[in-house]
Amino acid sequence: MSEPSAASGPPGPRLPRPPRTGLVWAYGAYGLAVLLAYLLAGFTGYSYESEERDSLPLSVRQAPGGYRSYHLWHSGYQGGK
Amino acid sequence: MRLFCPSCGAALEFRYDDSFVRVCASCHSAVARTDRGIDTLGQFADLAPSGSGLELGASGRYQGQPFVLAGRAEYAHPAGGSWEEWFIKLGDGRWGWLSHAEGRWAVLFRTAAARQLPAFEALAPGERLSLGQGVELAIGEHAVASARGAEGELPFLFRPGALVRFVDASDDQGRVATVDYGEHGASEGPELYLGRWVSPAELGLGVAEAAARRSAEPSRAPAGTGQRLACPNCGGSIELRVPGRSLSVACPYCGSLLDCEGPLSILARLAEVDAGRPAIPLGAVGRFEGVAYTVTGRLRRQAKYPGGVFDWEEYLLYAPDAGYRWLVNARGHYSFVTPLPPGAAIEGDGGARYRGTSFKLFDRGRAEVTHVWGEFYWKVALGEAVDTADFIAPPAMLSRERSASELHWSLGVYLAREQVKAAFALPKSLEASDEVAANQPFRHMRWTGMAVSLAALLVACVAVRLVSADARQAYVGRFPLEGGVSDPSATAATTGSSYVFFSPPFELSGGRNVEVELELPLSNNWAYTSVDLIHEGSGALRTYGTELSYYFGVESGERWSEGSTSDTHLFSAGPAGSHVLRLEVQTPAPPGEVLRVSVAENVFAAGQLGWLLLLLAVPTALLALAHGAFERWRWSNSDFAPIYLRLGSDE
Numbered sequence: 001m002s003e004p005s006a007a008s009g010p011p012g013p014r015l016p017r018p019p020r021t022g023l024v025w026a027y028g029a030y031g032l033a034v035l036l037a038y039l040l041a042g043f044t045g046y047s048y049e050s051e052e053r054d055s056l057p058l059s060v061r062q063a064p065g066g067y068r069s070y071h072l073w074h075s076g077y078q079g080g081k
Numbered sequence: 082m083r084l085f086c087p088s089c090g091a092a093l094e095f096r097y098d099d100s101f102v103r104v105c106a107s108c109h110s111a112v113a114r115t116d117r118g119i120d121t122l123g124q125f126a127d128l129a130p131s132g133s134g135l136e137l138g139a140s141g142r143y144q145g146q147p148f149v150l151a152g153r154a155e156y157a158h159p160a161g162g163s164w165e166e167w168f169i170k171l172g173d174g175r176w177g178w179l180s181h182a183e184g185r186w187a188v189l190f191r192t193a194a195a196r197q198l199p200a201f202e203a204l205a206p207g208e209r210l211s212l213g214q215g216v217e218l219a220i221g222e223h224a225v226a227s228a229r230g231a232e233g234e235l236p237f238l239f240r241p242g243a244l245v246r247f248v249d250a251s252d253d254q255g256r257v258a259t260v261d262y263g264e265h266g267a268s269e270g271p272e273l274y275l276g277r278w279v280s281p282a283e284l285g286l287g288v289a290e291a292a293a294r295r296s297a298e299p300s301r302a303p304a305g306t307g308q309r310l311a312c313p314n315c316g317g318s319i320e321l322r323v324p325g326r327s328l329s330v331a332c333p334y335c336g337s338l339l340d341c342e343g344p345l346s347i348l349a350r351l352a353e354v355d356a357g358r359p360a361i362p363l364g365a366v367g368r369f370e371g372v373a374y375t376v377t378g379r380l381r382r383q384a385k386y387p388g389g390v391f392d393w394e395e396y397l398l399y400a401p402d403a404g405y406r407w408l409v410n411a412r413g414h415y416s417f418v419t420p421l422p423p424g425a426a427i428e429g430d431g432g433a434r435y436r437g438t439s440f441k442l443f444d445r446g447r448a449e450v451t452h453v454w455g456e457f458y459w460k461v462a463l464g465e466a467v468d469t470a471d472f473i474a475p476p477a478m479l480s481r482e483r484s485a486s487e488l489h490w491s492l493g494v495y496l497a498r499e500q501v502k503a504a505f506a507l508p509k510s511l512e513a514s515d516e517v518a519a520n521q522p523f524r525h526m527r528w529t530g531m532a533v534s535l536a537a538l539l540v541a542c543v544a545v546r547l548v549s550a551d552a553r554q555a556y557v558g559r560f561p562l563e564g565g566v567s568d569p570s571a572t573a574a575t576t577g578s579s580y581v582f583f584s585p586p587f588e589l590s591g592g593r594n595v596e597v598e599l600e601l602p603l604s605n606n607w608a609y610t611s612v613d614l615i616h617e618g619s620g621a622l623r624t625y626g627t628e629l630s631y632y633f634g635v636e637s638g639e640r641w642s643e644g645s646t647s648d649t650h651l652f653s654a655g656p657a658g659s660h661v662l663r664l665e666v667q668t669p670a671p672p673g674e675v676l677r678v679s680v681a682e683n684v685f686a687a688g689q690l691g692w693l694l695l696l697l698a699v700p701t702a703l704l705a706l707a708h709g710a711f712e713r714w715r716w717s718n719s720d721f722a723p724i725y726l727r728l729g730s731d732e
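Residue numbers (our numbering), protein chains in the order written: chain A, 1 to 81; chain B, 82 to 732.
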């Protein structure tokens, strides 16, 4: 028996792929934006953790102990269990 | 070799040395060459014009070999109708068989079987036909045909009226086979013809060009070539839209089912006439996949399942070049259905495969015809029943229908109502359905592919950050809690001391995040620490506060603990240069404990990864929930729902 050569594949229509809807594209765009934001944050050194900024006079370095953090100074944090 | 017909005396010529039969063009006698001379095998009836549009003597190419259409035979199917086979003489001297049915072409060659072929009676549609050497095909048809007519030159003894037992089989690799068992009681063994499906373009017969030309004619419709006949029951005028191919037609006036293979005759008188107007009228022309199809018939069928009866409509569509298709209306959901060769789909446990795609079994039952309108390519009968099974991979659905002598596979593709309306240019919208169809795709079904793409990108992004984040250590220090001062604002409950430390200057590269890690070995105690990161050059200060607390004990015989003795904080990137840390610790812990501090820059931010995952997970979960609900709705109509959907249902 000789094998039929170079079969051209199944004779029938290819299976269709429904188009991506607008919502799917929006989902993809959103995901891409989130990923890019993540990469951007990583490479620019961004951190979302809260911190306060201020400017100190250089004299602070010459007066250790004379400066008290405004966390304690102003809020008077009282921790403990 | 030139001869004269023994019947009519007309001149005839055997062009090929190895042909057996030449059909006389004048009297249609089959003239055979034997070792005793020439003989007539009988006379054929007139041949119908070729449905394929091919003509004797036309030439083409197959796998590089030129060929000529040397002969044609027409067989009558036991269920009515006929099909034709062309005999091709190739340039290398071989004879081949070129068959054409339902728009599909196949080239076959007589082949010696690698193993003994099973007896005709031992085979049935749907069974596997093993040809040896790993070739196994699905049997699509198992029937007896009769030789009706022929023309040209034939490579075998072809006797008018001979009954031929045959088996047709094919597989999903494009291979096709016919086993010719000859007449009942034939002394010769079965003959195997093996080949493959081919595209018209491959053959170079000009079929594709002719088809394209004909399809491009917008007004081309078989309805225009209709033939008017009178119903033998009521005398009503009946238009045959596909004369020559339709074998039965329903009278629109009296409902009689008529045999239209020859002169109209009554097949059944009791058919019911439905006065209701169909959504798509007979004769309407709709364009699908670029081909104009005419609605020639309409069936209503029903299937009985343990849960009840499900009925649907099937519109039979016809285009001269593409053949027959179906438009199925399952309670407001439409599918365009293309017949497949029987071996194109492979049925397995709980599913089927087609072109590498898995389909899940959705339903199985027995479908019967309950109403008939228009004309059909077979002799349809009310109550005609077949075993059916539907397999789905939305928007596609594979359907298998099996009768005693035939196995049919078809591929349905879901169409939105708007697509059907546009295809037929219908003036009104089609009736909507409030159910999910078996093969209706979830509207946003391609979100899964997008999610996979995003997941791959996520992995890539995280890998990039892991590789690029070198976590360079900028400073490590140890600060014993000594020499503290009492906090003047402390209460009796929070009595403690404050300690202030400054680190020596250390360098930061700038432009990268900075992680500060604190560790204080607390034991059932707390410490509030204020951390200032000061850029010495500008005096810019960034500060945060954090509480370290660690408590533990034994309660009701069980150990417990809460809090942590360490904490990390991630500063955003700041300027490059020399920095110092100022640490102020407020704690009631006894003096002597050591506060460990480390500073690193360009670290991998695990917290940001958490946020990233959360931000991606929320829309993904919403889409997954919506998709899952849709699938549960779909599968609520099936007895074969996947177990993960059954577990989530209310039933």
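Simulated from the structure, these hints should not be mistaken for laboratory data.
Note that CB positions come from ideal geometry on N, CA and C, so glycine has one too.
Hints are supplied without guarantee of correctness; some may be wrong.
Straight line, CA to CA, 25 Å or less: simulated SDA-like cross-link-like pairs of lysine to any residue [unchecked claim]:
| id | chain 1 | residue 1 | chain 2 | residue 2 |
| --- | --- | --- | --- | --- |
| 1 | B | Lys502 | A | Arg20 |
| 2 | B | Lys502 | A | Thr44 |
| 3 | B | Lys441 | A | Ser50 |
| 4 | B | Lys502 | A | Arg17 |
| 5 | B | Lys441 | A | Asp54 |
Taking beta-carbon pairs under 7 Å as the criterion, some of the chain B residues facing chain A (in silico) [claimed, not checked]:
| id | residue |
| --- | --- |
| 6 | Leu538 |
| 7 | Arg623 |
| 8 | Thr627 |
| 9 | Thr649 |
| 10 | Pro700 |
Covered by chain A, per the in silico footprint, the following chain B stretches (three or more residues, Cβ under 8 Å) [what the hints assert, rightly or not]:
| id | segment |
| --- | --- |
| 11 | 468-481 |
| 12 | 502-510 |
For each hint, the structure was consulted:
Taking the CA atoms of Lys502 (chain B) and Arg20 (chain A), the gap is about 22 Å. The hint holds against a cut of 25 Å. Our distance criterion of 25 Å between C-alpha atoms is broken by Lys502 (chain B) and Thr44 (chain A), whose separation comes to about 54 Å. For a cut-off of 25 Å, the pair hint linking Lys441 (chain B) to Ser50 (chain A) is broken: about 52 Å separates their Cα positions. Restraint check for Lys502 (chain B) and Arg17 (chain A): satisfied, since their Cα atoms lie roughly 21 Å apart, inside the 25 Å limit.
With a CA separation close to 65 Å, the supplied pair Lys441 (chain B) and Asp54 (chain A) exceeds the 25 Å bound. The interface hint given for Leu538 (chain B) is met, as the beta carbon of that residue sits about 5 Å from the closest beta carbon of chain A, less than 7 Å. At its closest, the beta carbon of Arg623 (chain B) sits 5 Å from a beta carbon of chain A; the interface hint therefore holds under the 7 Å criterion. For Thr627 (chain B), the suggested interface contact is broken, since its CB lies about 10 Å from the closest CB of chain A, more than 7 Å.
Using the Cβ-Cβ criterion of 7 Å, the hint placing Thr649 (chain B) at the interface with chain A is not satisfied: the shortest such distance is roughly 9 Å. Contact between Pro700 (chain B) and chain A, as hinted, is supported at the beta carbon level, the nearest pair being about 6 Å apart and thus within 7 Å. Judged by the Cβ-Cβ criterion of 8 Å, the segment 468-481 of chain B is covered by chain A as claimed, because 3 of its residues qualify and three suffice. A count of 0 residues in the segment 502-510 of chain B with a Cβ less than 8 Å from any Cβ of chain A is obtained; the coverage claim is therefore unmet, three being the minimum.
Checked against the numbered hints listed earlier, the structure breaks hints 2, 3, 5, 8, 9, 12; every other hint is satisfied.
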